[in-house]
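In case you want the letters, here they are:
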Amino acid sequence: MMADVDRVIHEPARLRILTILTGVDVADFNFLLMALGLTKGNLSSHMDKLEKAGYVDIKRASTGASRTRNSP
Amino acid sequence: MRTGNDSTKFQPGDPRLVMRWARRYAKSRTISFLVQWVFIVVMVVIIGVAANLTSMAYRSENMGLFSVSVAAMVLSIFGLTWFSVSPWGGEVIYRITQWLYGSEGYVEYTGDQRKGPTPLWLTALGGGLVIHHLVGALLVSFRWLSFEHMQPFSALYMAPFLMVLIVYQRLGFWAWFWPLLYAGYAILLMLDFPVGFRGKWMILNMVVPVFACGLFAIAIGHVYSRWALWNLKRVARAGLVDGPPADEDDQTTAKEA
Numbered sequence: 001m002m003a004d005v006d007r008v009i010h011e012p013a014r015l016r017i018l019t020i021l022t023g024v025d026v027a028d029f030n031f032l033l034m035a036l037g038l039t040k041g042n043l044s045s046h047m048d049k050l051e052k053a054g055y056v057d058i059k060r061a062s063t064g065a066s067r068t069r070n071s072p
Numbered sequence: 001m002r003t004g005n006d007s008t009k010f011q012p013g014d015p016r017l018v019m020r021w022a023r024r025y026a027k028s029r030t031i032s033f034l035v036q037w038v039f040i041v042v043m044v045v046i047i048g049v050a051a052n053l054t055s056m057a058y059r060s061e062n063m064g065l066f067s068v069s070v071a072a073m074v075l076s077i078f079g080l081t082w083f084s085v086s087p088w089g090g091e092v093i094y095r096i097t098q099w100l101y102g103s104e105g106y107v108e109y110t111g112d113q114r115k116g117p118t119p120l121w122l123t124a125l126g127g128g129l130v131i132h133h134l135v136g137a138l139l140v141s142f143r144w145l146s147f148e149h150m151q152p153f154s155a156l157y158m159a160p161f162l163m164v165l166i167v168y169q170r171l172g173f174w175a176w177f178w179p180l181l182y183a184g185y186a187i188l189l190m191l192d193f194p195v196g197f198r199g200k201w202m203i204l205n206m207v208v209p210v211f212a213c214g215l216f217a218i219a220i221g222h223v224y225s226r227w228a229l230w231n232l233k234r235v236a237r238a239g240l241v242d243g244p245p246a247d248e249d250d251q252t253t254a255k256e257a
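Protein sequence lines correspond, in order, to chains A and B. So in the working numbering, spot 34 of the first sequence is number 34, and the numbers just go up one at a time. So in the working numbering, spot 19 of the second sequence is number 19, and the numbers just go up one at a time.
Hints are all accurate, no fakes.
Label pairs and their computed distance ranges (CB to CB): (1) A71/B x A53/A: 53 to 61 Å; (2) A61/A x V207/B: 32 to 40 Å; (3) E148/B x I58/A: 52 to 60 Å; (4) T110/B x A53/A: 21 to 29 Å; (5) G41/A x D14/B: 26 to 34 Å; (6) L129/B x T22/A: 31 to 39 Å; (7) D57/A x S103/B: 21 to 29 Å; (8) K9/B x I58/A: 29 to 37 Å; (9) G37/A x V195/B: 42 to 50 Å; (10) V68/B x G37/A: 49 to 57 Å.
Keep in mind that the hints were calculated from the coordinates and are not lab data. We put the CB at the ideal spot given by N, CA and C, even for glycine.
Kindly generate the complete structure, drawing on both the sequences and the hints.
The structure is reproduced here in structure tokens:
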């Protein structure tokens, strides 16, 4: 179990995502994309993994935009 | 996670640097303030022009112009109030801000304790601001206060009120320019420095400082946000290589040092 957790959070891009989100209240997908310089597909995949592991809450908007915050 | 004091020195590569610059950037995004600023200035100018026209029309007994200017003034005041309190106003500001920021996306930092409705004490302070200025207007109209001292009178409440707002909303350092410059202008007026408007332009002693100081603070914030964003990208991307979309096997890796 711990190994799974470590694998999710210790991947460099995901760790950067969480670090950014720790510094702010809420951020949208475009902000993370711009800050990290990842491709959309790659960032989306990382976000899915973080959401499944319960590290972030993702609110998907009807316009296709999504806002993210760290899970409490 | 302990993020350290904002002035704490971190070693290069410390992840807390990413947090620090993300937060500084979020706190210094001032385009939304600029959008509100432009709207309020436009409304105030319309109200001012309409009030002036009303006065002229009343003196010249032009009832047509009088009616139109009164209607414009009332509509502008309602428009300003409605825009300030309605959810629609917030949505418009959000959309314009998003459009202006473009690819920078949306990010926000207000601190955990700032969620929920505006507390009663803050609303009361806002009401106090209005009452303070109404009292000032009455004092001027009864000639117990000279009009040239109206701005210093305003600053007595306005400057501390803005400071409370800045602390409450956890705005960046840029926001402090607003009350400090407004208070500074009041002090200069009291010391008889030749910074004030004279004669028929004396009304500008109230209008210009409040908007000019605000615009200056917003501009400082925007310039600082560019610096914070540059630093955020630098520290967040350092050593990060973007591979193909990650699947079960992680493909985004750190550069070998």
